[in-house]
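2 protein chains.
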Amino acid sequence: MASIPLLLMGCGGVGRQLLHHVISCRPLHSQQGVRLRVVGVCDSKSMVAIPDVLTSEFRDDFLLQLCEIKSNGSSFLDLTKTGLALIDCSASSETIGLLSQVINLDGCVVLANKKPLTSPLEYYDKLVSQPRRLRHESTVGAGLPVIATINRMLSSGDPINRIIGSLSGTLGYVMSEVEGGRPFSEVVTSAKKLGFTEPDPRDDLGGMDVARKALILARLLGHRIELDSIKVESLYPEKMGPANIPLDEFLANGLPLLDEAIQKRIESAASNGNVLRYVCLIEESRCEVGLQEVSKDSALGRLQGSDNVVEIYSRCYSKQPLVIQGAGAGNDTTAVGVLADILDIQDMFRHSPSAA
Amino acid sequence: MASIPLLLMGCGGVGRQLLHHVISCRPLHSQQGVRLRVVGVCDSKSMVAIPDVLTSEFRDDFLLQLCEIKSNGSSFLDLTKTGLALIDCSASSETIGLLSQVINLDGCVVLANKKPLTSPLEYYDKLVSQPRRLRHESTVGAGLPVIATINRMLSSGDPINRIIGSLSGTLGYVMSEVEGGRPFSEVVTSAKKLGFTEPDPRDDLGGMDVARKALILARLLGHRIELDSIKVESLYPEKMGPANIPLDEFLANGLPLLDEAIQKRIESAASNGNVLRYVCLIEESRCEVGLQEVSKDSALGRLQGSDNVVEIYSRCYSKQPLVIQGAGAGNDTTAVGVLADILDIQDMFRHSPSAA
Chain A
25 MASIPLLLMG CGGVGRQLLH HVISCRPLHS QQGVRLRVVG VCDSKSMVAI PDVLTSEFRD
85 DFLLQLCEIK SNGSSFLDLT KTGLALIDCS ASSETIGLLS QVINLDGCVV LANKKPLTSP
145 LEYYDKLVSQ PRRLRHESTV GAGLPVIATI NRMLSSGDPI NRIIGSLSGT LGYVMSEVEG
205 GRPFSEVVTS AKKLGFTEPD PRDDLGGMDV ARKALILARL LGHRIELDSI KVESLYPEKM
265 GPANIPLDEF LANGLPLLDE AIQKRIESAA SNGNVLRYVC LIEESRCEVG LQEVSKDSAL
325 GRLQGSDNVV EIYSRCYSKQ PLVIQGAGAG NDTTAVGVLA DILDIQDMFR HSPSAA
Chain B
25 MASIPLLLMG CGGVGRQLLH HVISCRPLHS QQGVRLRVVG VCDSKSMVAI PDVLTSEFRD
85 DFLLQLCEIK SNGSSFLDLT KTGLALIDCS ASSETIGLLS QVINLDGCVV LANKKPLTSP
145 LEYYDKLVSQ PRRLRHESTV GAGLPVIATI NRMLSSGDPI NRIIGSLSGT LGYVMSEVEG
205 GRPFSEVVTS AKKLGFTEPD PRDDLGGMDV ARKALILARL LGHRIELDSI KVESLYPEKM
265 GPANIPLDEF LANGLPLLDE AIQKRIESAA SNGNVLRYVC LIEESRCEVG LQEVSKDSAL
325 GRLQGSDNVV EIYSRCYSKQ PLVIQGAGAG NDTTAVGVLA DILDIQDMFR HSPSAA
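The listed protein sequences derive, respectively, from chains A and B. Anchor point for the first sequence: position 294 equals 318 in my numbering, and the numbering is continuous, going up by one each time. Anchor point for the second sequence: position 266 equals 290 in my numbering, and the numbering is continuous, going up by one each time.
What the hints contain is simulated information worked out from the structure, not anything from laboratory work. Please note that the accuracy of each hint is not assured.
One copy or two, it doesn't matter: identical chains are merged, so the pair holds either way.
Taking lysine to any residue and the SDA-like style, the derived pairs with C-alpha atoms no more than 25 Å apart in a straight line are [claimed, not checked]:
| hint | residue 1 | residue 2 |
| --- | --- | --- |
| 1 | 343 | 328 |
| 2 | 343 | 48 |
| 3 | 343 | 218 |
| 4 | 343 | 353 |
| 5 | 343 | 40 |
| 6 | 343 | 325 |
| 7 | 320 | 206 |
Hey, can you work out the whole structure from these sequences and the hints?
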């Protein structure tokens with residue numbers, strides 16, 4: 025039986041959903057010889073941990089209440105004596121010191137949080153110094169097996185030379201709707217009403233979330249680059265940014281001014297037999313985020329709705345890419361991706377080859 | 025440093041390709057803290073193992089020659105004292121006893137061979153009794169991450185209720201070409217000339233290879249079924265089977281008789297706005313292999329050429345499936361899938377959490 029002490033950081037939507045899954049999967053995990061032992065929960069301000077972190081665990085019913093509770097800190101580093109999995113479902117860039125410390129102490133780290141992996145290389149390198157002790161599937165494409173697949177390919181010597189993907193459900197939806205003839209401003213406004221965008225849609229349209237995902241993928245492929253070296257195309261000009269005009273004015277007067285240019289680019293793509301997609305593109309010496317023309321017969325070109333899609337080209341997948349497609353956002357799918365990562369490190373918690 | 029002693033069964037195309045990859049990836053694995061130590065190679069008749077299997081390993085140059093050599097047997101079960109990974113790239117159903125023995129002795133098993141997993145449940149159950157010690161990605165879709173993804177989803181409590189896929193590159197190619205208007209007989213004949221089929225194309229057209237893959241997937245989902253309980257649609261009638269007419273006669277006089285019926289079914293599908301695909305379909309109480317109408321807007325319906333595609337529906341992927349697509353055959357992609365599996369079990373060979 026592998027007993028994995030878990031410390032959960034981040035008690036928002038994903039963190040709470042994850043706890044629900046941990047509890048509801050107990051019978052399943054028991055069959056698999058794994059016990060997930062939640063020993064602490066923390067957010068940016070505080071932490072609650074059980075007094076005896078080495079042998080005890082929170083009761084399931086108490087655990088669910090815990091997420092809501094603010095309490096005083098407690099030391100947990102003792103845990104690393106027997107191994108610890110630190111689960112970061114927060115959206116903070118301030119967890120990286122703690123994460124690196126856990127890795128240093130031979131603990132394991134599972135991330136849904138993109139920030140630590142998009143921090144400066146100096147910090148990133150420390151975090152990934154023990155690659156088998158780090159899992160972060162949900163940082164790109166939520167539960168879609170993008171990272172796991174790339175890692176499988178790389179570790180088996182199938183070098184990847186190109187990744188192109190639509191990694192924003194919002195922008196995927198917007199671009200496929202606009203292609204059907206609806207004005208850009210109308211599509212963005214209705215996407216906001218449907219809850220498909222951030223409260224301020226400029227957070228999606230600016231492309232920085234996609235850029236973070238692109239950086240995570242590029243670094244996996246060995247690119248030694250920083251976030252600010254990625255070429256990011258924003259779908260609105262800087263003068264319409266949050267620093268210059270308020271949201272209401274952007275929606276009412278700014279957005280419609282963008283319709284014509286987008287329409288022209290779509291027509292230009294169509295005249296080449298292509299469609300326009302907002303993609304991340306990673307090649308040997310290139311990492312870009314923005315609008316690109318792609319063949320309408322490719323998986324990317326045929327994309328409809330808010331699915332994510334990633335095309336991976338390698339030695340084995342040279343003419344036709346390996347394609348992974350599906351829903352790439354949402355608390356539930358993200359939490360499922362995190363839980364799959366936790367189960368994936370279980371062998372670290374079996375202390376000898378014959379302990380199973 | 026995790027040192028993994030490997031015993032390789034099967035010295036055909038995949039086995040040899042795998043050895044080449046093992047050798048060419050040595051610098052990469054060394055960076056990852058893994059040493060793959062090949063201690064034995066065997067085929068159905070014989071085995072060559074180094075005298076001191078516990079500490080030594082074959083030299084790389086000798087290893088490549090070994091595949092061609094027939095030699096007398098040697099005992100290798102001593103190996104399991106320190107852990108052993110048995111790699112089965114053969115196509116034999118007779119390895120299952122040995123594989124189960126290795127699992128029993130706390131060794132690990134990696135399969136490209138489908139036969140052990142499609143044997144009667146009595147044997148299957150023994151083989152999968154230690155699921156963490158078994159990997160078999162390449163048994164379905166070669167290097168495509170189909171099994172890894174299904175296992176991730178199941179272990180994280182995202183129940184799968186439907187899998188539908190095109191798992192034969194040959195039949196995928198045939199059905200997409202026939203859709204374009206070419207007669208079935210002409211497509212099969214040219215596919216044979218292009219080397220896309222088995223020497224006797226009836227081995228593909230009969231559907232048994234797809235049925236084996238369907239059984240592997242169905243059993244992963246918990247179906248307690250045997251190979252002969254799967255409904256398999258053959259694309260030729262029994263009277264044209266290898267037991268009744270020779271290959272030449274089948275190609276010259278049998279095949280053309282099948283054109284009209286296939287054409288009619290394609291037209292019938294088109295009149296419903298669908299296309300015809302040769303699929304495996306697994307649902308809660310159903311496991312079938314054969315022609316099915318699918319929406320032409322689905323990933324399956326849009327499939328062209330010889331790619332495999334798998335659509336997975338679950339709680340998280342309910343309206344739109346999780347889709348995995350790409351080349352699903354070939355020695356190289358299969359060997360890469362096997363090597364990724366081997367790297368995936370490396371944590372079993374680190375004897376304590378702090379041994380990394």
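Requested in this report: Give me the numbers of the hints this structure contradicts, sorted from smallest to largest.
Outcome: none
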